[in-house]
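Student: If you want the building blocks of each chain, they are given just below.
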Amino acid sequence: MIPGRFILLGILLAAVQTASAHHAAGLVYDTDNEQSMEAIVTRFELGNPHVRIYFKRPEDGGNGEEWMAEGGSRTVLVRRGWTEDMLKAGDRITLHGHPSRDDRPIFHVVNMEHDGKEIGTEDSTSENLLDQLRQRRR
Amino acid sequence: MVMGKPASVTSKLKTASALIFLMAFVPGLSAQPDFSGVWSGAMTTQDHLYWGPEDYLCFPGCPKLLHDTLGGLLDDPANDDRPTDELVGQTFGVVIADRMGRSTPEGVRRIEESSDTEDVDMAKFCAPYGFVRESLNALPMQISREGQHLKINYEEFNLSRNIYMDGRAHPAGGELTPLGYSTGHMEDDVLVVETTGISGDYFIGLNSPTVHYGSYADGATVVERYQVLQDPRRLVVELTITEPSTLTEPYTWTKTWLSTPDVTLLVDSCEDVPGEIE
Chain A
118 MIPGRFILLG
128 ILLAAVQTAS
138 AHHAAGLVYD
148 TDNEQSMEAI
158 VTRFELGNPH
168 VRIYFKRPED
178 GGNGEEWMAE
188 GGSRTVLVRR
198 GWTEDMLKAG
208 DRITLHGHPS
218 RDDRPIFHVV
228 NMEHDGKEIG
238 TEDSTSENLL
248 DQLRQRRR
Chain B
-2 MVMGKPASVT
8 SKLKTASALI
18 FLMAFVPGLS
28 AQPDFSGVWS
38 GAMTTQDHLY
48 WGPEDYLCFP
58 GCPKLLHDTL
68 GGLLDDPAND
78 DRPTDELVGQ
88 TFGVVIADRM
98 GRSTPEGVRR
108 IEESSDTEDV
118 DMAKFCAPYG
128 FVRESLNALP
138 MQISREGQHL
148 KINYEEFNLS
158 RNIYMDGRAH
168 PAGGELTPLG
178 YSTGHMEDDV
188 LVVETTGISG
198 DYFIGLNSPT
208 VHYGSYADGA
218 TVVERYQVLQ
228 DPRRLVVELT
238 ITEPSTLTEP
248 YTWTKTWLST
258 PDVTLLVDSC
268 EDVPGEIE
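Chains A and B, in that order, are what the protein sequence lines are. Residues in the first sequence are numbered from 118 upward in steps of one, following our numbering. Residues in the second sequence are numbered from -2 upward in steps of one, following our numbering.
A portion of the hints provided could be inaccurate.
What the hints assert, rightly or not - Listing some non-contacts, in silico: residues in chain A with all C-beta distances to chain B over 10 Å:
no., residue
1, Asp147
2, Gln152
3, Ser153
4, Val158
5, Pro175
6, Asn180
7, Lys205
8, His213
9, Asp220
10, Glu230
11, His231
12, Thr242
13, Asp248
As the list claims (entries may be wrong) - Selected chain B positions facing chain A (Cβ under 7 Å, derived; list incomplete):
no., residue
14, Met40
15, Thr41
16, Trp48
17, Gly49
18, Pro50
19, Tyr53
20, Thr81
21, Leu136
22, Ile140
23, Asp265
To be verified - Example chain A residues on the side facing chain B (calculated, C-beta under 10 Å, incomplete):
no., residue
24, Asp240
25, Leu247
26, Arg251
Read the hints as simulated data drawn from the structure, not as lab findings. Idealized CB from N, CA, C, for every residue including glycine.
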């Protein structure tokens, strides 16, 4: 008999495990809470352990605190064509993802809109990847 | 009159004899599967039709029990109407209970401490992995032959290991390092790698049976069994770690990579230097 708390834990872990090679997004971010956020890029680091987009929020007049949006693994995204200069200071983008669990100015970005394009920003190409793989398995 | 063999036949016989001699007397050179090449796990090849949910969950390696249990649940028609997350949750329950049962009090303490995710500092994640995490890491790796020996270059943190195939003994009392000292030999078509001299790998905040259960103390020993399978061409490992201070008995992990000859390893370090590895 499997205790119910293990099943609940497993569901949570399954969700966060698929998010990252280096650490699980669910540790830091509230992955059940989907949000969108407008952003003015201040700097962009195609780095490790994950890519990071630093930004300020337009509603703060561009003068508020600097936020950081964290995406997927560097080499995974480089293989999808990401480059160091794909974002530059002053770019306006829309981020979709998850806020931090503790109200820090950080954000887990799953995809973003930039120059009219929607760009996946995480390692997994789909939020329902396990279900898709299961359907294919049949 | 005795006719001599044509020169070309004689030459081929000499070559064959030399090969037989080498295969018989030089460890590691007998007819064996070709382990060389670039191998990629499920995370970077997730659109490949080979992968199932149990493989994808194991992209950073996972306990063999996890892979086999989830695969069994998915194969059972009685579970066809159950959500995937529920089957994953049931599997994780099995794995967690099993691991707790195999853990010493120190092992249990480490697992419980690693589950405390308050004040997680993301910067600490950009430190090179220890043996289990690196050997099973999510990014591609390249295996090459260097003389008699094998070398594994990992894209993850651009670390590498030598696997000595000449039958040498492990150094006694040497310095402990994250990737230890590895020797290998063939058992039929299986490459068996034994590693000693491994320093401990202990980390907090990676709360997942597929990751943080790799935590172990100094002096662990590991046996890896690599096998190349076909259709599609792939590399499968079973990695068994023995570490008495956290485990009451050996614990086995598994991971599968696909052959990806078109993939080139990229620079992957905390210094964030872009480009390909020379």
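Student: Could you check if Tyr53 of chain B really has its C-beta closer than 7 Å to a C-beta on chain A?
Tutor: holds, 6 Å
Student: Any Cβ of chain B at or closer than 10 Å to Asn180 of chain A, or is the non-interface label fine?
Tutor: Correct as stated: the minimum Cβ-Cβ distance to chain B is 26 Å, above 10 Å.
Student: Are Gly49 of chain B and chain A close enough, Cβ to Cβ, to be under 7 Å, as the hint says?
Tutor: holds, 5 Å
Student: Does Lys205 of chain A sit more than 10 Å from chain B, CB to CB?
Tutor: holds, 16 Å
Student: Taking 7 Å as the limit, does the beta-carbon of Asp265 of chain B come near enough to a beta-carbon in chain A?
Tutor: Because about 5 Å separates Asp265 of chain B from the closest Cβ in chain A, which is inside the 7 Å limit, the hint holds.
Student: According to the definition I'm using, a residue is off the interface if its beta carbon is farther than 10 Å from all beta carbons of the partner; does Gln152 of chain A meet that for chain B?
Tutor: Holds, since 19 Å exceeds 10 Å.
Student: Quick check on the hint: Pro50 of chain B CB to chain A CB, less than 7 Å?
Tutor: Status holds, d = 5 Å.
Student: Any Cβ of chain B at or closer than 10 Å to Asp220 of chain A, or is the non-interface label fine?
Tutor: Holds: least Cβ distance 14 Å, greater than 10 Å.
Student: Holds or violated: is there a CB of chain A closer than 7 Å to the CB of Ile140 of chain B?
Tutor: violated, 18 Å
Student: Going by Cβ atoms, does Val158 of chain A stay more than 10 Å from chain B at every point?
Tutor: Answer for Val158 of chain A: holds, closest chain B Cβ roughly 17 Å.
Student: Is the Cβ of Asp248 of chain A farther than 10 Å from every Cβ of chain B?
Tutor: violated, 5 Å
Student: Would the stated hint for Asp240 of chain A survive a check requiring a Cβ distance to chain B of less than 10 Å?
Tutor: holds, 6 Å
Hint check: violations occur at hints 12, 13, 22; the rest are consistent with the structure.
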